[in-house]
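S.K.: Spelled out, the chains give:
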Amino acid sequence: MTTSMPSPSQIHAASPEFCMELENVGISYGGSEAVRGVYMQIPRGKVTAFIGPSGCGKSTVLRALNRMNDLIEGCTLKGRVIFDGQDLYAPQVDPVEVRRRIGMVFQKPNPFPKSIYENIAFGARINGYRGDMDELVERSLRKAAIWDETKDKLKESGYALSGGQQQRLCIARAIAIEPEVILMDEPCSALDPISTLKIEEMMHELKKSYTIVIVTHNMQQAVRVSDMTGFFNVTPKADGDGKVGCLEEFAATETIFNAPTQQATQDYVSGRFG
Amino acid sequence: MTSTTSPLPTQKPSFSRSSLRLNSSLGRNRWNQFFTVVAAVFAVLAVLPLVLVLGYVLVKGGTLLSIRLLTELPPPPGLEGGGIGNAIIGTIVVTLVASLIAIPVGVGGGIYLAEYSRSGWFAQFVRFGTNVLSGVPSIICGVFIYGLIVSTRLFFGQSYSAMAGGVALSVLMLPTVIKTTDEALKLVPQELRWGAIGIGASRFVTITRITLPAAFTPIATGVVLGIARAAGETAPLIFTALFSPFWAEGLFNPIATMSVLIFNFAIMPYEAQIALAWAASFVLVVMILAANLFARWLGRFARA
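Top line first, the protein sequences correspond to chains A and B. Residue 1 is where the first sequence starts when you use the working numbering, and the numbers rise one by one after that. Residue 275 is where the second sequence starts when you use the working numbering, and the numbers rise one by one after that.
No lab work stands behind these hints: they were computed from the structure. Check the hints yourself; a few may be wrong.
No more than 27 Å apart at the CA atoms, straight line, and that leaves these computed lysine-lysine pairs for DSS-like [as the list claims (entries may be wrong)]:
(1) A:K143 with A:K46
(2) B:K460 with A:K108
(3) B:K286 with A:K114
(4) A:K237 with A:K108
(5) A:K143 with A:K155
(6) A:K151 with A:K78
Coverage of chain B stretches by chain A, computed from C-beta distances (three or more under 8 Å per stretch; other residues unrestricted) [stated by the list, open to error]:
(7) 511 to 525
(8) 549 to 561
Because the structure is a prediction, the values reported are computed rather than measured. The C-beta atom is built at its ideal place from N, Cα and C for all residues, glycine as well.
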């Protein structure tokens with residue numbers, strides 16, 4: 001890094017196997033470090049789950065993947081997040097363009113105070129979609145497995161739906177702009193088991209066309225939906241007081257849950273976490 | 275296990291237990307009743323001025339209400355009849371000018387405070403300044419605009435003008451509009467902004483298409499209340515719009531307004547003028563009341 005920086009497109013060619021790569025990522029809020037030293041290669045067309053105890057920085061890392069942390073004052077990132085051969089945090093990268101290709105679904109369903117139709121069409125329109133809007137709305141709602149419930153009330157407010165339906169509407173809204181990656185931050189934590197099941201079934205469909213990264217507190221959910229799992233943990237800082245999050249182990253989901261290499265992972269997934 | 279289940283009969287209870295029946299002679303219950311009555315009395319005293327003002331103005335001025343009152347010019351001193359038509363139009367014109375200045379500047383400032391710089395030093399400074407400005411006496415706003423616009427003949431060499439009056443009122447409206455916009459935008463859930471930004475909306479699109487529409491009703495309510503407050507101001511208009519016994523002659527000439535008409539006519543030694551001052555008071559109070567009701571109606575519109 002002492003020599004002149006290569007332009008972001010020259011970092012390396014976009015790998016066919018890996019969609020996103022994190023290199024020594026550390027994130028701080030104001031002065032306090034939230035997570036440090038994360039190396040990770042997120043495979044394309046797979047579901048990657050982040051698990052770990054509260055405060056371990058898994059949501060923080062997820063939000064770093066499409067620069068949502070930019071909205072939090074005082075949040076800074078060290079290291080590199082590489083997507084499509086570019087460092088997303090290079091100064092010449094436009095964060096709006098990043099978020100158009102890496103969509104996000106949030107913990108709390110947050111439909112816009114508009115009609116169901118407009119909730120989908122809004123994103124497509126601001127992204128310069130020039131096709132048949134009706135067709136796009138139907139296709140997105142179908143992919144999010146909510147078309148049958150909403151096809152007769154597209155003009156009604158998005159708030160008229162139940163919580164689980166609202167969350168699927170938000171997923172449909174994210175799909176509508178055809179991103180390459182969909183980030184999901186505990187998308188089912190506010191939902192009942194039946195809505196959760198519907199979303200999990202949908203994720204199996206979606207991963208055929210998208211890379212999905214999901215943060216979850218529910219380990220069974222990680223087992224059910226994910227191909228790869230990253231276990232985040234909080235560890236005391238070596239250089240002083242306080243705790244910092246780190247990526248303890250990142251491997252295939254089967255390995256994490258059946259034969260983890262780290263003792264902390266073994267303790268956490270077997271419920272013996274301290 | 276045995277120690278928790280077995281009772282301890284030797285231990286004395288720490289609290290005395292009495293019957294569950296309500297005993298109204300207890301000290302706490304008497305104080306309760308006493309303070310309920312005191313609070314109710316003060317609540318009645320608080321709305322009493324409003325009821326008295328409305329009633330008095332209605333009795334004194336309501337009887338003069340007629341089409342002539344609303345459409346005719348005030349009579350020359352000593353003559354009977356006439357109306358306050360020019361003052362009604364003048365108040366509308368001056369308030370409109372004030373709104374056209376204060377709404378864009380105030381809403382824009384509020385957007386900056388809430389959306390772009392929530393806690394930067396500049397935003398804190400603007401918020402503090404807004405609070406100070408809202409406490410500045412209206413007569414000082416009038417003198418300020420007099421010094422800035424009227425005495426310097428800034429507008430086409432004219433001194434007193436409707437325009438100057440509008441500018442003075444806009445200074446008074448500005449803090450209300452900035453504050454309500456700021457507060458209304460802060461109430462928009464952060465998740466809504468994230469949702470828009472998460473699907474690739476720029477900040478500008480997020481504000482104009484998502485957060486501003488979501489906060490429209492409280493902003494509109496605040497703006498209407500600001501307008502209603504400005505419409506009734508007298509002191510800043512005496513120094514800026516002055517008065518005119520004639521119909522309005524454009525924006526750059528002195529103009530009659532209802533508040534200044536009341537101020538001028540109420541102290542004249544002529545019956546007709548004093549009666550018109552009462553009638554104008556009535557019309558002004560009704561207009562401000564209507565604006566407040568409209569603001570309430572806007573508020574209800576939002577919750578539905």
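S.K.: For every hint, state whether the structure bears it out.
M.R.: Results of checking the hints against the structure:
1. A:K143 with A:K46: Distance of about 17 Å is within 27 Å: holds.
2. B:K460 with A:K108: holds (18 Å)
3. B:K286 with A:K114: violated (64 Å)
4. A:K237 with A:K108: violated (32 Å)
5. A:K143 with A:K155: Answer holds: K143 of chain A to K155 of chain A is near 19 Å, not above 27 Å.
6. A:K151 with A:K78: Between K151 of chain A and K78 of chain A the Cα gap is close to 46 Å, so the pair fails against 27 Å, i.e. violated.
7. 511 to 525: violated (count 0)
8. 549 to 561: violated (count 0)
Hint violations for this structure: numbers 3, 4, 6, 7 and 8, all remaining hints satisfied.
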